[in-house]
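**Student:** Each chain, written out:
Protein chains: 2
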Amino acid sequence: MTVQGVKRRGLMLVLSSPSGAGKTTLVKRLLGDDPDSFFMSVSLTTRTPRPGEVDGRDYKFVEKARFVAMRDNGELLEWAEVFGNFYGTERQQVESAVKQGHDVLFDIDWQGARQLAESMPQDLVRVFVLPPSGKALAARLHTRNEDAPEVVAKRMAKAADEISHWPEYDYVLINDDIETCFSGLKAIIAAERLRRERQVGLSAFVREIESEL
Amino acid sequence: MTVQGVKRRGLMLVLSSPSGAGKTTLVKRLLGDDPDSFFMSVSLTTRTPRPGEVDGRDYKFVEKARFVAMRDNGELLEWAEVFGNFYGTERQQVESAVKQGHDVLFDIDWQGARQLAESMPQDLVRVFVLPPSGKALAARLHTRNEDAPEVVAKRMAKAADEISHWPEYDYVLINDDIETCFSGLKAIIAAERLRRERQVGLSAFVREIESEL
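Line by line, the protein sequences are chains R and S.
To convert, note that position 185 of the first sequence is 184 in numbering that gives the first Met the number 0; the numbers rise steadily by one, no gaps.
To convert, note that position 212 of the second sequence is 211 in numbering that gives the first Met the number 0; the numbers rise steadily by one, no gaps.
Some hints could be false.
Identical copies carry no separate label here, and so any pair may be met within one copy or between two of them.
Using 25 Å as the maximum straight-line C-alpha spacing, the simulated SDA-like pairs for lysine to any residue come out as follows [said to hold, decoys possible]:
(1) 63 / 4
(2) 153 / 206
(3) 185 / 28
(4) 6 / 56
(5) 185 / 196
(6) 6 / 203
(7) 6 / 189
(8) 134 / 203
(9) 185 / 35
(10) 6 / 31
(11) 157 / 205
(12) 134 / 195
(13) 27 / 57
(14) 6 / 132
(15) 6 / 134
Note that these hints are calculated values from the structure, not bench results.
Next up, chain R with everything else stripped away, as it sits in the complex (with noise of 0.2 Å):
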């Protein structure tokens, strides 16, 4: 046996902050970066397509009835209601992906990376961006032009609810210089993949190097 005997489980990746606070960048940028490794993971909705969006790259779109009966029926992992659409991830997907060593990007908020967290702890990762201040946060919320004011407002309320929840994770970036806040995530990812419980193996890899002490 070699080391190549020695293969990873994925990991679950979520990257959860208040919208505004780059993490689609970072996103972007991890998925350009390692994408013979990175799965996204494409959230179900309900919610109408925005202008731009396409359907299995953004979002899957699904009626409100298919849903909930894939909901109800144990198909997903999590799921959530945001300003009366929900949103979800399917299991099997994820199960699968993880088992043959690819890793899974989630962009999911805090009350998805709970019901992982349940779900899959072992092989979750969290991460929380954190904003470099409110003020640069709230002038980033505000140069959206495309979206209504009051649109703006429940973003806000929706950063702020968002943000409180950080110490439900396990690692905190704050995100005031983007390259050292993706050096940080690609440090996070790479040692996450050195973790014991990751390396499937092992223990057969140990046994050979035991017999031939």
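Based on these hints, arrange chain S on the given structure of chain R.
**Tutor:** Chain S only, in chain R's frame:
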């Protein structure tokens, strides 16, 4: 409050491996690479200095009676007896370093790691370094010509004993290639520094953000 208001609590890095698996090289590179942050915990020992060993750098050499008095007085964080000699770590120097945000590196075996896990579990990061194969390890143990054959035999038995404790560690590195192995170690350290619990002052930082929203 700025990001500078968030400080770091140091971590205690335990790097264990069988003798001959490359741990000493990793330790030297780590201390050379990051001299401002890492403190090498200098163990106390009751054994006689080997040629070239410097008191206070390689070990703090103490008399057996003094060692036993310190141990019985609760001044040691961990201690062990190996080949009839005592080894141990002073509690005070580690606790104050970690509080001041310095990381402390330990070059100790599984017995020491186990005691540290009892005394300071939250600060501890345990990394086990495995050789790429048993043959490679045996070869390395035999090329140290300074020691007598019975010392080599003893070391081989100790290597087998040490290896059997790999499941007690948080991370496992296979030293197939020293560069890859060192990169992995650096990632583990960078990631562990970003753990929520190690960032002191995050609560106040987040309160400041919330007040600005």
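**Student:** Enumerate the violated hints, using their earlier numbering and listing them in ascending order.
**Tutor:** 1, 4
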